[in-house]
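Number of protein chains: 2
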Amino acid sequence: MTYIDQLGASAKQSAKVIATLSTATKNKILVAVAEELLKSEEEILTANAKDLELACSKGKKPAYVDRLALTSERIIAMAEGVREIATASDPIGIIDTGWLHPKGMEIIQKRVPLGVIGMIFESRPNVTIDAAALAIKAGNAIILRGGSDAIYSNTMLKNIFVRAGIAAGMPPASVQLVEQTERAHVRELISLNNYIDVIIPRGGKGLKSFIIEHATVPVIETGAGNCHLYVEKSADLEKAYAIILNAKTQRPATCNTIETLLLDYELLVAFLPIIAQKLADAGVVLAVDLTCMEILNKHKIIAEHATSADYKTEYQALKITIVAVGGVEDAINHINTYGSGHSEAILTEKMAASDLFAQEVDASSVYINASTRFTDGAEFGFGGEIGISTQKLHARGPMGLRALTTYKYIIRGNGQIR
Amino acid sequence: MTYIDQLGASAKQSAKVIATLSTATKNKILVAVAEELLKSEEEILTANAKDLELACSKGKKPAYVDRLALTSERIIAMAEGVREIATASDPIGIIDTGWLHPKGMEIIQKRVPLGVIGMIFESRPNVTIDAAALAIKAGNAIILRGGSDAIYSNTMLKNIFVRAGIAAGMPPASVQLVEQTERAHVRELISLNNYIDVIIPRGGKGLKSFIIEHATVPVIETGAGNCHLYVEKSADLEKAYAIILNAKTQRPATCNTIETLLLDYELLVAFLPIIAQKLADAGVVLAVDLTCMEILNKHKIIAEHATSADYKTEYQALKITIVAVGGVEDAINHINTYGSGHSEAILTEKMAASDLFAQEVDASSVYINASTRFTDGAEFGFGGEIGISTQKLHARGPMGLRALTTYKYIIRGNGQIR
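As you go down the protein sequences, you meet chains G and Y in turn.
Counting in this note's numbering, the first sequence tops out at residue 521, every number present.
Counting in this note's numbering, the second sequence tops out at residue 521, every number present.
Okay, chain G solo, but in the shape it has when bound:
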């Protein structure tokens, strides 16, 4: 048995036990973890300091180092997150539906845990705690594989989770971390069909395409966010300024941030210069099509020429593509061609336009007159989030506790045969 096989086998054993834990026990485990996190600040910061030192010595960029860094505040936020998951309602045991078979058996469809979750992620060490807490609440075991740059932090956070969890009744191998950082382990993990029920990758494109290419365990793709906002000509323009700025600048590195602004031709003369100036003032770099460029030149607003490469790019930064379109159908067409199926918005006061947009845009979350920034498990009221699915199977959009469950049919009869 290899190292990864051993993790898989013990996770599967533990999963059987966690699946039967009461809601009260699971909540007790989570509350204990939250408390232990707060008590262990010093240990966590010491471990994190080692990761930070290595990252700096490797010459990583400040933004990268910032994502890796843990602070007293971030530890408190992690503990709060775990407490919130403890208070969220238990998704297990819910009967989705039930009916009577014509021959008299009662058929019920009941929510049960998935089993063992494999979570492969990069950078942010808080994912260790968030993902483990969600997995446990939904009755699953989890095997975590974080980036090698966060190995000290991740190991420490996992150890804290496990020691507090075990003391509160958690089966030991419920939360495990791949502590050896060889890339080959990822390949082995994503082929562990005997033990792992689903792989959830969170990270950059390279990681995700590697996993989709090589996994034999089912994968849920998450977090590719090439999002658009289309301003239809009847839109309330005052609201439009606020929504666009929010959707682009409130937290530009997140996947629900817009990357392209689509403007109706009729809005080019009056609206474009104003929003372009507002975006520029907020530090946003503009990449615009030829039609928009002409207008911006007249107003001496600086912009780059947008290419079709821009249309496909998730900047995750203070940069936006602006494209003029001939109407709602044009906008839908652009979105369905270049979008990643994440979050798409229309600003309009016309029912026909909003209905067509909601019907035809192929995305997990379609917004009418609101910012795309709301696509988020906590905002949707899911008591946490393991990722945002951009595929269509199993779960779409923000994935909370329910996305970490499956169902079984239970059929009760008294001798029925077919």
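These aren't lab readings, by the way, just hints derived from the structure by calculation.
Mixed in with the good hints, there may be bad ones.
[What the hints assert, rightly or not] Heads up, simulated BS3-like pairs for lysine-lysine below, C-alpha to C-alpha not over 30 angstroms straight-line:
#1 213/G <-> 401/Y
#2 213/Y <-> 308/G
#3 401/Y <-> 381/Y
#4 308/G <-> 453/Y
#5 153/Y <-> 336/Y
#6 401/G <-> 415/G
Since the structure of chain G is already known, use the hints to place chain Y on it.
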């Protein structure tokens, strides 16, 4: 663009249109297909005769040839199946749930089509019609890839579906068949992530493991049925005889047939010889463990020695493994070790035993005092079945129309920002 790329691109174009068809139009298409099938009996039988001739000349076994054969009766059954799908309720547009965000946006979760389905199957040509009808009713396009042995029949059935469908308002590329039989096309099809949303394989182990190994498009695994029936000591034995015979012999080649009978030790002396004789009388070959063998020897009932290879085998034939177990926990353990997560049954009059079994057995469908043969889309009232999922993501157990849908969130606001 390759041949497969072209199929994918045109399917995706058509999918956009089918997604917007009204229920009435979709039903009209299906009724037209059913009528056209009945009218085209001669054409279908002529095409089928070519496949049968080739199969015979290749020396295929009679059971194989029988599965390939179409008859007047089977054509009527296909047409009936399509009509049933027409009368089933439309899964599209249903609002699963909805709520108000604290900032006042209305969030609804609405059922929408998956998009493009890739269906890869072997042998039975009726799958062409069944799968296409289910796909269309759920608003999807479908690309079919049948076995090369059924290529004439599949092509004819697809042509009939398409010509009747188009006349009734179906977009032309909604139903397509890979008409070239090179194996390389399968590999290309399962990597067509730009165009195909899900791959559903139906066929033997070889086909399924090839697809799971190589697919980058999400796959739903179907139809692996190593099912068990456990007779607990308190079971009503009269009912047990009937259920066991039904679960093993009613249609032994199906995936919901039992392959192993687990008997409580206390039932060995009185019950085992009787059920063994009944099974033998029904033509079932017995493969039994050492404990059972001793008893059967005394009664001069002929049986083979069961090996652990038998425990893992889906016979799909008139053969059964019989194993003695020490109680319900032993039975659950055997099932969770060797079962394929399909259908598992317990016969008992004790609540504690049935509750434990229903809780701990890890399978799509768990039966208490009923035959496993009911695991079937039509029996579950799903208006048809595209396969029986034995994985935990997306859909588990019989997959009907709803399994061919996903959802999107539609968020209506009036200027909300985060």
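Right, here's what the structure says about each hint:
At roughly 45 angstroms between alpha-carbon atoms, residue 213/G and residue 401/Y are farther apart than 30 angstroms, so this suggested pair is violated. Proposed proximity of residue 213/Y and residue 308/G is supported: the alpha carbons are some 29 angstroms apart, at most 30 angstroms. This hinted pair checks out: residue 401/Y and residue 381/Y have alpha carbons roughly 16 angstroms apart, not beyond 30 angstroms. As the CA atoms of residue 308/G and residue 453/Y are separated by approximately 53 angstroms, the hinted pair breaks the 30 angstroms bound.
Using a Cα cut-off of 30 angstroms, the hinted pair residue 153/Y and residue 336/Y is violated, with the two alpha carbons roughly 54 angstroms apart. For the hint pairing residue 401/G with residue 415/G, the CA-to-CA distance comes to about 28 angstroms; that is within 30 angstroms, so the pair holds.
Violation of the numbered hints given earlier is confined to hints 1, 4 and 5; the remaining hints are satisfied by the structure.
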